[in-house]
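Enquirer: Fit chain to chain and form the complex, with the hints in mind.
Line order of the protein sequences matches chains S and Z.
Residues in the first sequence are numbered from 3 upward in steps of one, following my numbering.
Residues in the second sequence are numbered from 188 upward in steps of one, following my numbering.
No wet-lab data here; the hints were simulated from the structure.
Heads up, a few of these hints could be off.
Some chain S residues near chain Z, calculated using beta-carbon distances under 10 Å [said to hold, decoys possible]: (1) 14; (2) 92; (3) 123; (4) 139; (5) 140.
Quick caveat, the model's predicted, so the values are computed rather than measured.
Built from N, CA and C at the ideal position, the CB exists for glycine as well.
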Amino acid sequence: MKLTTRNAEIFVAVILALCSIGLMIKAAQNSITWTIEDNMGAGFMPFWLSLGMLICTIITIFKWVIRKSPQSNNNEPFIDPEANKYVYVTILSLIGLILGTAYVGIYISLIFFLFFYLKNFSEKSNLFISVFSIATPIVTFCFFEWLLKITLPQGISEPLFYPIYELMY
Amino acid sequence: METFYLLMNGIGTALVPFNLALLIFGCLIGLFVGAMPGLGSVNGVAILIPITFIVPPTAAIIFLAAVYYGAMYGGAISSIMLGIPGASTAVATVFDGRPLAQKGEAITGLTAAAVGSFVGGTVSVILFTLFAPPLAKVALAFNAPETFALMVMAFATFVGLGGDDIPKTCFSILIGLVLSTIGLDLISGKPRLIFFDIPGFLHGVNFLVLAIGIYGIGEMLWTLETTKGAVKISSISFTFKDVVLSVKKLKGTMMAMTIGSFLGFFVGILPAAGATPAALMAYGITKQLSKNSAEFGKGAVAGVVAPECANNSASTGSMLPMLTLGIPGSPTTAILLGGMILWGLTPGPLLFTQEPEFVWGLIGSLYIANFFALILNVALIPAFIMVLRVPFAILAPVIFVLCVTGGYAPTQSIHDVWLMLLFGVAGYILRKLDYPVAPAVLSIVLGPLAEKAMRQSLIISDGSFNIFLDFTIKPIAATIMYIALIFLFLPLINILKNQLFPKKA
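Bound-form chain Z, shown alone (with noise of 0.2 Å):
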């Protein structure tokens, strides 16, 4: 009962028209920064920070949330539109809302993500609001073993994501894994694969610039030979009754939203994992849970809601353990820390006790700011729409102007804009000849933290694979290795079943 009032006083708290006025402005300002290729939530929270010096912390985190929320919304426009992921948290969303997009169901792609993302936000707020505390000592019980269990569940999925040629699958896997492991060693300090001494590598290889390249550049090179620049200008058009009707849509999509919320809450809240593993995570297990998992990459509504489940509900999540204990889920909320610090509080378990306004005025605001998200996003879909139905032959030079600058933005370096181009050209050539190049994106997004989960764990167990397996020792690691086990099997198990046993027609 006090939850629900300290609740509804939050509530209260962000229904105040000045907060409420930042909450809806930060919102658009996030949808607005989402949907640019190469900058993402924390560009946009890094950005702004400054200007929340002259509110009080109340508003000022009310305004930094929104701007969080509204960029996980954003993201997924010109994933959907463009087929270029606008932050990293949307790369999943490209898989299946591209092809919808083409197929000219681009108003149930963007129903769909931003129904998904409501959903996720929803219930994730719902579960922060009632086990704030206990998650975040389930979050502290995560420790290098379990996570890396956890990145070995993600892999095992990645399976399921190419096609029927296995050795071209895995090798995807294994290409974005070697590319992850490029800069400096993590544990020795060591330079690694510095082709050529080029200094450019030292900073390793930023994965937005192999989905950029891969899903921007390479995309448009197929789009551009498939069609011969002749691309049909899209005249798709806009009533509310498209969008009750794609709302319709979504009913078979009830799995995606269970997966894409509770484990999408339960990757953001994991310290140093965040949005963007959480959505590729669910992504992968949804198509393998899915009855319609040959759909899955041509066009599924489920691709398109898990992901955006996930994404928003880790955001969510990810503030759990920065509230409570000081340790920020995702770079984005690193920053918030850090403006919470500036404002002068004191992130922790006392925060709770000491600033409950605060505390529950953020709380209060992620359910308004996710209505209002939602409002925003149906209400501009029109907006959105029209992109398709600009020109291609002007359409396509600005996604590459997009590229370049997505490319360039995130670490300032020339050498990544080649790298993009280099990942476009060779995605492009390699789609054309059946290799699965999703497999490698979600890689080299999750390798750097496989990698040093595993070898953390190894050095704690002085070399022995028992600290994974052991039920005795790491139980929720172990259960989650054999799960994962069984995820890396049930693919291959199946793929053998039709070859063996092919299906008659």
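So that you can see chain S by itself, here it is in the shape it has in the complex (with noise of 0.2 Å):
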């Protein structure tokens, strides 16, 4: 099925949907009655909040039905697919980023996230990309762990800081 506009739209409600019945399902692990003795449950405001949420998706589906929303009448591709290509790869590239902020460490994996990315998407020298690519986590260094003692995450390239933090205290 060729995702136009028209499909995403009954498709991302229908998601919608289904959160709003999980979030309901959820919410209802927790008390979700309201008595003057025992006043709100815990699960009281995620649950009924979370049905205004359903029966929103709800009316959406009907207008899309009834072909009343603009979306449900454009047949334009959801995604320009001459743009596919900077919206999906930013997006995994990004994926690749936060699961090497978790593994190697944020300074290391920014080195890697820059070089692929501006190798990728801009014209410049790759002499550029590598002065660029590895002068970012060094400002980032000391902008948060020098400046403002806030130390981000590390990963299994911590033991490489020590010598630096030893300095730095």
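Expert: In structure tokens, the structure reads:
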């Protein structure tokens, strides 16, 4: 099925409706009742708010069926095919950056992320890309760790920073 | 007359060269910290508190208040230039600040933010000077029912923030509220909506994570798609004449300034409210009342002025209960309060009589800090607009790096960074389908405050909703609640009217 805006509208609305039902089930693990003696149960607010979400998505689905909303009449591709590369590569590289941050630490993954991103999307020289990819994590380190004393995740690369911490403190 | 004399003494204290140097330095640091996504005045003040032990208390509070003030100005910079809220207080500034920059009117946006901040700051300091003790009593009269009514009024203005698709706007409000309930229940202490038993959900969803995700990553994905990565580098230039022309564009923003300044100050003095709800409410109400409400979200100057007036005004307002009652009005003033205790001062009603030099030195410094923050802001506009000259291929990954560090810094949890990416992608998809995302951000900010106030009120009233509606029980709460209902139904009536009786072209 071609992912047109019309298809995306119903696809997303159904996903959101399912999410709303999931939230209601999850909220119902706590008490969803409200009595004067016990006041509101912990699940009361999330349950009824999720029900409200469900009603809103049902209305959106209904509007799609009767072709009332602008999106339900739009048969253009949901994401411009020529721009697919930019969107998907960016999302995948961000997933890579965060995965890398959790395992090898933010500073090392930043070097790879910046190098990969700039190599793919910029027309700069290799020298510029290399210098920029290494300088940015250094500036980030100085700002957060040295100036603000906020430690960013270092993963398995943490021992590499011990000598720098000894110099700093 | 006595107040005037004391104020002049206070301004004199702030103008002592050492204090003045600290004040300017504090404003600069604040600007920088405020402009960094994920960091706000609270981080700046917390980090710098130890430095103040080596200076007298008056100089210390002048320095920290200047940092606080500078951060309020600085938050707008990245909101306008990069589309990422520099601080939580500047979330509402993104709504119109970013579109202004995208239209090539970054100077107008930055000038509007600076002037708005100055006006809000000045109005609030004057109110502070003249009415500190009686206003503190008003703040005390605001209990849970009144706070809830105020929150309902804020939510009512949100309906007007969305587009014409009311179900999608309501969905956005509701999902923000549901996200705000994640974590430990405030009353029973039970965990709620802890998906897959992931411990990261126990501390809830930080609204900054949602805001940076939607406005940082989501916005960048949108830009990358619409431009296919070929964003034109802005050749925007800067001259003093540009600033003067930008100031002239502020002529029609008197209402935004008034709403932002007074509402901001009032919300600021309420304990536990603070500048973020103030800015969001000011934006919503200004949009509701504006003749050009259709322009909001597309680069309306008033949409920048209102929240910037409000957040600066609220930052001053939040100092009022701190000094007069010893109750902090915001997280930053809670840290300032801690600092005052460490310096050997006792906040409360007697502080004005026992430590006049300290109190009036602080009040005087707010006037001076306001002035210098404006000058610094305008003087640094050329530096800020240089950001727009950076090629997009380089700016984009830098923004992603700022998003990741900004998402991590507030709670220092990688779980939040994953959530931020999820919100970013979801925000991008929902925005393409015309779901308004701003109401979700606003709801997640005010949701916890509203829920807490509502549940406390219902405990007080034994479950009766009359506590919000009956003039004889809680007159202030009832008045605000009925105003909120008017705000709620106005846009609905307008939309219905437009649909039933469409205007002829």
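Enquirer: All hints, please: hold or fail.
Expert: Now for the hints, and whether the structure bears them out:
Contact between residue 14 of chain S and chain Z, as hinted, is supported at the beta carbon level, the nearest pair being about 6 Å apart and thus within 10 Å. This hint holds: residue 92 of chain S has a C-beta 6 Å from the nearest C-beta of chain Z, less than the 10 Å allowed. The restraint placing residue 123 of chain S at the interface with chain Z holds, with a minimum CB-CB distance near 5 Å, inside the 10 Å limit. Interface restraint check: residue 139 of chain S against chain Z, minimum CB-CB distance 9 Å, threshold 10 Å, status holds.
Below 10 Å, beta-carbon pairs count as interface contacts, and residue 140 of chain S has none with chain Z, the closest being about 12 Å; its hint is therefore violated.
When the structure is compared with the earlier hints, a violation turns up for hint 5 alone.
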